[in-house]
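Could you build the full structure based on these sequences and the hints that come with them?
Residue numbers (UniProt numbering): 1 to 251.
The set of hints was computed from the structure by calculation and includes no laboratory data.
Careful: at least some of the hints might be erroneous.
Stated by the list, open to error - Label-pair distances were calculated between CB atoms; the ranges are:
{"#": "1", "residue 1": "Ala138", "residue 2": "Asp241", "range": "43 to 53 Å"}
{"#": "2", "residue 1": "Glu168", "residue 2": "Thr248", "range": "35 to 45 Å"}
{"#": "3", "residue 1": "Gln111", "residue 2": "Arg171", "range": "31 to 41 Å"}
Claimed, not checked - Using 30 Å as the maximum straight-line C-alpha spacing, the simulated DSSO-like pairs for lysine-lysine come out as follows:
{"#": "4", "residue 1": "Lys204", "residue 2": "Lys32"}
{"#": "5", "residue 1": "Lys164", "residue 2": "Lys32"}
{"#": "6", "residue 1": "Lys204", "residue 2": "Lys164"}
{"#": "7", "residue 1": "Lys164", "residue 2": "Lys10"}
{"#": "8", "residue 1": "Lys48", "residue 2": "Lys141"}
{"#": "9", "residue 1": "Lys10", "residue 2": "Lys32"}
{"#": "10", "residue 1": "Lys32", "residue 2": "Lys141"}
{"#": "11", "residue 1": "Lys204", "residue 2": "Lys141"}
{"#": "12", "residue 1": "Lys10", "residue 2": "Lys49"}
Just so it is clear, CB atoms sit at the ideal spot from N, CA and C, and this is done for glycine as well.
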Amino acid sequence: MTDTFVTPQKRTIAYHLTDGTGPMVVFLGGFKSDMNGTKAVFLENWAKKVGRAFLRFDYSGHGESSGEFEDGCIGDWFDDATAMLDLIAGPVVLVGSSMGGWISLQIARAQSGRVAGLVTIAAAADFTEDGFWVGFDAAQKAELEAEGRVAVPSEYGDPYIITKRLIEEGRDRFVLRKPLSLPCAVRFLQGTADTSVPVSTALKLFEHAECADMRLTLVDEADHSFSDAACLELIVASITDVLAARETGTR
1 MTDTFVTPQK RTIAYHLTDG TGPMVVFLGG FKSDMNGTKA VFLENWAKKV GRAFLRFDYS
61 GHGESSGEFE DGCIGDWFDD ATAMLDLIAG PVVLVGSSMG GWISLQIARA QSGRVAGLVT
121 IAAAADFTED GFWVGFDAAQ KAELEAEGRV AVPSEYGDPY IITKRLIEEG RDRFVLRKPL
181 SLPCAVRFLQ GTADTSVPVS TALKLFEHAE CADMRLTLVD EADHSFSDAA CLELIVASIT
241 DVLAARETGT R
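Right, here's the structure in full:
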């Protein structure tokens with residue numbers, strides 16, 4: 001059953017919470033995705049099977065949560081995620097997919113005492129700048145400035161409407177252009193056939209971040225969805241790995 005709560009910003013967030021042992025695993029989805037995606041549901045089923053506490057949710061403007069997607073920005077969705085964490089007690093293991101990877105890195109930086117482990121899947125670090133703004137031609141940049149928004153083709157269906165606010169606010173959220181010290185065991189996962197987040201981004205993140213226990217795994221021919229059986233099992237193995245690192249005190 002879907003539960004909801006209202007954030008301090010008066011946004012209604014839909015979520016599914018599974019009881020179990022901690023640290024709780026929290027799944028953070030991607031740009032314009034929702035909590036009913038393959039990875040989120042697979043991980044919830046895994047958590048139920050092993051008795052692990054688990055949380056999946058929709059950012060505002062996504063899925064079953066309130067608001068319009070086009071009104072949101074990275075900071076809003078970061079605030080939604082941190083408000084969700086305020087609902088639960090104790091340490092968490094963050095599993096961030098694409099944009100959720102970027103947001104989970106921000107949370108790990110801002111709440112270092114709370115994050116017990118971090119797994120990212122094709123972390124789209126700074127993508128509003130490096131994925132959208134840098135890729136816009138002069139006409140698109142002019143349209144964004146004049147109209148406040150521009151439509152960008154998407155391989156997942158309808159075009160993305162990219163707003164000026166999304167671009168400008170994203171610049172306050174950078175993790176690749178500011179120091180990034182991560183407080184826990186970290187596992188970065190990346191497919192080599194990903195056309196949305198290139199391997200170069202994963203390598204840049206790996207080289208930039210500071211962490212005593214950090215690994216990057218490249219999966220040959222895996223795409224951005226990272227949702228075939230082998231990839232899903234690798235996500236679970238990575239979660240298990242960071243949990244083991246915490247329990248043995250290696251981080």
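Okay, the hints, checked on the actual structure:
1. Between Ala138 and Asp241, the C-beta spacing of about 46 Å keeps the proposed range 43 to 53 Å intact.
2. Look at Glu168 against Thr248: about 43 Å separates their beta carbons, and that is inside 35 to 45 Å.
3. As the Cβ distance of Gln111 to Arg171 is approximately 21 Å, the hint placing it in 31 to 41 Å is violated.
4. Between Lys204 and Lys32, the direct Cα distance comes to roughly 24 Å. Compliance with the 30 Å bound is thereby established for this hinted pair.
5. A threshold of 30 Å between alpha carbons decides the hint, and for Lys164 with Lys32 the separation of about 17 Å falls inside it, so the pair holds.
6. Between Lys204 and Lys164, the direct Cα distance comes to roughly 26 Å. Compliance with the 30 Å bound is thereby established for this hinted pair.
7. A threshold of 30 Å between alpha carbons decides the hint, and for Lys164 with Lys10 the separation of about 23 Å falls inside it, so the pair holds.
8. The hinted pair formed by Lys48 and Lys141 fails the criterion: a straight-line CA distance of about 47 Å is larger than 30 Å.
9. Only pairs whose Cα atoms come within 30 Å are accepted, and Lys10 paired with Lys32 is accepted, the gap being roughly 20 Å.
10. Of the supplied pair hints, the one linking Lys32 and Lys141 holds, its CA atoms being roughly 22 Å apart against a limit of 30 Å.
11. Among the hinted pairs, Lys204 with Lys141 is consistent with the structure: their alpha-carbon atoms are about 26 Å apart, no more than 30 Å.
12. Distance hint between Lys10 and Lys49 is unfulfilled; the C-alpha atoms sit about 34 Å from each other, more than 30 Å.
Checked against the numbered hints given earlier, the structure breaks hints 3, 8 and 12 and satisfies all the rest.
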